[in-house]
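**Q** Chain by chain, the residues run as shown.
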Amino acid sequence: MKLNDFISENKSLIGLIILMAAVSFANANFLGIDNMLNILRQTSINAVIAMGMTFVILTAGIDLAVGSILAFAGAICASLIGMDTPLIIALIATIMVGAGLGATSGVIISYFNVQPFIATLVGMTMIRGATLVYTQGRPISTGYFDVAESFYQFGGGYILGIPNPVILMVVIFALCWFVLSQTRFGRYVYAIGGNENVARLSGINVKKVKILVYALSGALAALAGIILTARLESAQPTAGLGYELDAIAAVVLGGTSLAGGKGRIFGTIIGALIIGVLNNALNIMDVSSYYQMIAKGAVILLAVVVDSRGKSNA
Amino acid sequence: MTTLLELQGIEKSFSGINVLKSVDLTIRAGRVVALAGENGAGKSTLMKIISGIYQRDAGTVIYKGNEVKFTTARQSMDAGIGIIHQELNLLPELSVAENIYLGREPTKLGKIQWDVIERESKKYLAQLKQDIDPKTPLGKLSIAQQQMVEIAKALSLNAEVIIMDEPTDALTDIETAILFEVVDELRAQGKGLVFISHRLGEIFQMCDDIAILRDGEMIHQGPVSEITEDDLIRHMVGRELSDQYPFVPAAPGDVRIEVEKLTAHGAKEISFTANAGEVVGFAGLVGAGRTELAKAIFGANPIDSGTVKIDGKEIRLKSPQDGVKAQIGYVTEDRKQEGLVQSQELSTNMSLTGLGRFCNVLGFVNKASEAVTISEYIEAFAIKTRDANTIISNLSGGNQQKVSIAKSLVPEPKVLILDEPTRGVDVGAKREIYTLINKLKAEGLCILLISSDMPELLGISDRIHVLSSGKLTGSFSRAEATQENIMRCAVAGQTNG
Ligand SMILES: Nc1ncnc2c1ncn2[C@@H]1O[C@H](COP(=O)(O)OP(=O)(O)OP(=O)(O)O)[C@@H](O)[C@H]1O
Ligand SMILES: [Mg+2]
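Protein sequence lines correspond, in order, to chains A and B. In terms of the working numbering, the first sequence is residues 1 to 314. In terms of the working numbering, the second sequence is residues 1 to 497.
It should be emphasised that the hints constitute simulated quantities derived from the structure, not laboratory data. Some clues are possibly wrong.
Below are the DSS-like pairs computed for lysine-lysine, each with C-alpha atoms no more than 25 Å apart in a straight line [unchecked claim]:
#1 B:367 / A:262
#2 A:208 / B:325
#3 B:318 / A:208
#4 B:336 / B:318
#5 A:208 / B:367
#6 B:140 / B:122
#7 B:318 / B:140
A short, non-exhaustive set of chain A residues, derived as facing chain B with CB atoms under 7 Å [to be verified]:
#8 182
#9 185
#10 194
#11 205
Cβ-Cβ distance ranges computed for the label pairs, FRET-style [what the hints assert, rightly or not]:
#12 B:487 / A:117: 50 to 60 Å
#13 B:271 / A:6: 57 to 67 Å
#14 B:362 / A:207: 16 to 26 Å
#15 B:219 / A:113: 47 to 57 Å
#16 A:304 / B:483: 53 to 63 Å
#17 B:475 / A:207: 55 to 65 Å
#18 A:113 / B:89: 24 to 34 Å
Think of the CB as a built atom: it goes at the ideal place given N, C-alpha and C, for glycine as much as any other residue.
Let the sequences and hints guide you as you build the complete structure.
**A** As structure tokens, this is what we get:
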């Protein structure tokens with residue numbers, strides 16, 4: 001009984017463990033500390049985006065604009081750092097830009113009754129366009145002021161041997177977990193995804209909650225943009241292309257239902273790690289990147305099929 | 001009298017809990033068998049086993065002489081067993097006709113014959129005296145009309161065995177009478193029927209045989225003529241119940257809510273007042289505008305003109321949020337679409353509206369105090385559940401209704417609007433709800449009660465207003481109110497049909 005419940009609630013964790021065990025048999029270097037940290041670092045950007053996406057998907061929405069927001073926010077941030085803006089101001093401004101773009105999607109979705117898929121698809125295209133216009137299609141360097149050096153720490157630095165992006169990921173995870181499971185806002189997110197009509201008649205300001213959710217998704221995409229820009233010491237106009245799909249995949253692999261109302265942020269971290277481990281394993285096993293895409297798709301399909309079979313038998 | 005369907009020794013457990021214990025039941029041609037029992041006794045579960053939605057753990061089902069084991073609802077439907085589900089099983093976005101023929105649309109050369117579907121749907125609706133355009137999206141209809149569509153759907157199957165799981169709980173006397181005429185026809189045609197209802201009067205009026213379940217065990221079977229209502233109640237709840245409508249007269253307090261010339265979708269220039277410590281009943285036929293009025297007062301439907309004052313102060317009502325803020329509680333008649341998030345836990349549902357009570361300024365939920373309140377309500381309402389984390393859709397219908405009422409009380413409202421509050425609730429629990437209403441009334445709550453159950457409305461209201469076609473057509477004190485008075489006003493404003 002109990003064991004069964006544990007297994008069905010933690011399928012993605014078990015999947016991750018099996019995957020890691022299999023890879024470590026195939027390649028002895030895989031389980032080393034360095035490689036583990038490497039995986040965590042590579043996972044952090046997707047995980048940060050995917051955590052925002054989790055909120056959106058829990059309300060039965062979707063946010064396709066995150067990859068574009070990442071690129072746009074990264075470009076803004078690189079310019080600000082390049083202009084010797086104080087670090088804290090540059091960071092806050094960048095995150096506000098991301099939140100503002102996200103909130104705009106939220107407003108369009110809740111006040112103009114546009115489907116989230118369409119609203120954010122439009123956002124994705126327009127924001128990518130704006131990024132290309134703004135950067136004129138060229139990378140923006142973070143420049144040579146002192147602030148660029150401290151900015152680099154966000155992407156490339158370490159504290160006690162742990163990469164800073166990993167620390168950021170853990171902090172964001174803790175915050176998201178807290179908000180979803182311990183606050184009124186979190187309850188409202190679940191209720192809206194479960195049945196929007198019921199939520200409305202329970203006196204919840206559905207529009208406001210939705211706008212906040214998309215703002216949060218935009219803010220976290222901007223944070224991911226900061227991490228990426230800091231690491232590369234420049235913003236690429238094409239950064240984040242296709243990241244929305246990796247983020248959605250992580251959320252779904254983590255067991256969150258695309259229909260809304262069901263899921264956990266912990267699952268999303270596991271989902272992001274599954275993708276990270278898979279990428280890493282295929283790399284260290286020298287699989288060509290063409291085959292990597294096929295393999296990744298196959299694993300996601302397998303995971304989702306296993307998950308939905310479990311559900312229909314329940 | 002030929003036996004159509006025979007159940008023997010049916011067993012069913014959900015996650016280790018035995019909800020049906022060796023149950024036998026016989027359905028005969030040309031007879032209506034009532035299936036009675038408290039909320040959670042296992043009635044719907046048994047019916048879902050017959051229709052293949054649930055699989056039995058043990059026992060046999062013999063249908064027309066052969067043992068059958070349906071694994072999908074489709075199979076039982078094809079075999080000639082129709083079921084009207086307790087929780088409406090219709091899709092609000094599709095039209096009435098599409099709902100009636102969902103999954104078995106007649107085709108010609110692969111093309112759906114819409115004209116046939118619409119003509120046939122109209123025919124079955126007409127049989128139920130419903131003048132509904134089959135092209136209307138189902139979601140636009142009232143719950144009672146939706147229920148009639150569900151019944152039409154069962155009729156259109158032309159089934160041998162028809163199971164009706166609480167078909168009348170959303171209907172007023174008029175539609176119920178229409179349904180009973182149809183049931184009489186079906187009986188005369190030699191169909192076998194199962195009828196589930198918590199309105200015991202209907203069982204005596206309508207049924208030939210009775211089968212009573214208590215806690216998953218079949219404890220009595222026999223002809224209805226050999227049993228009295230008191231016996232029935234005793235079998236169901238295992239003890240005597242006295243005085244079904246306990247009324248406690250109370251001295252009403254100050255005027256709590258004043259509605260003036262309120263015009264909204266479905267309601268025209270309605271004015272009334274209600275005091276603290278008073279139960280004001282609202283009577284009317286389906287479509288009279290009672291639910292529309294309630295929703296406008298709660299802020300869920302837009303108000304075109306008129307005012308609503310609480311304690312003398314006019315309130316702004318743009319959304320249900322405003323209603324909640326003004327301390328108005330609303331229990332919807334439609335718990336599935338509007339009341340509870342079916343896929344989520346009992347606990348989070350119950351505290352959803354009143355979550356503010358357990359939060360600090362930053363919005364952190366104090367789960368310990370929340371859990372205390374929830375378990376108090378589970379106990380006070382005798383909600384039958386494994387624990388506070390049970391998913392709503394796994395509760396029996398009556399227990400869902402109790403959760404829905406508790407949910408509206410958690411925010412401690414000043415005005416409570418109850419829209420068909422005892423829908424699907426068993427006799428014992430109904431009485432508990434009436435007692436609770438009396439207690440809340442004594443504490444000074446102002447209660448607006450909408451009910452299609454006339455004895456209930458007469459039994460516990462201090463005053464009764466009658467609505468017809470969106471207008472207030474009569475008001476009676478408790479002493480003046482009679483079934484005849486009310487019905488006269490209820491049909492008064494009806495201009496056509
Ligand atoms: N899918 C399910 N999973 C777990 N428990 C269930 C499920 N369906 C029903 N139950 C439980 O089985 C018991 C019987 O439920 P059922 O719906 O048959 O009651 P009922 O007699 O129809 O009650 P009501 O009069 O309230 O409709 C209840 O305790 C209910 O919680
Ligand atoms: Mg039932």
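**Q** Now look at each hint and say whether the structure bears it out.
**A** Checked hints:
no., hint, result
1, B:367 / A:262, "holds (19 Å)"
2, A:208 / B:325, "holds (16 Å)"
3, B:318 / A:208, "holds (15 Å)"
4, B:336 / B:318, "holds (24 Å)"
5, A:208 / B:367, "holds (24 Å)"
6, B:140 / B:122, "holds (17 Å)"
7, B:318 / B:140, "holds (21 Å)"
8, 182, "holds (6 Å)"
9, 185, "holds (6 Å)"
10, 194, "holds (4 Å)"
11, 205, "holds (6 Å)"
12, B:487 / A:117: 50 to 60 Å, "holds (51 Å)"
13, B:271 / A:6: 57 to 67 Å, "holds (60 Å)"
14, B:362 / A:207: 16 to 26 Å, "holds (22 Å)"
15, B:219 / A:113: 47 to 57 Å, "holds (53 Å)"
16, A:304 / B:483: 53 to 63 Å, "holds (58 Å)"
17, B:475 / A:207: 55 to 65 Å, "violated (39 Å)"
18, A:113 / B:89: 24 to 34 Å, "holds (27 Å)"
Hint compliance for this structure: hint 17 is the single one not met.
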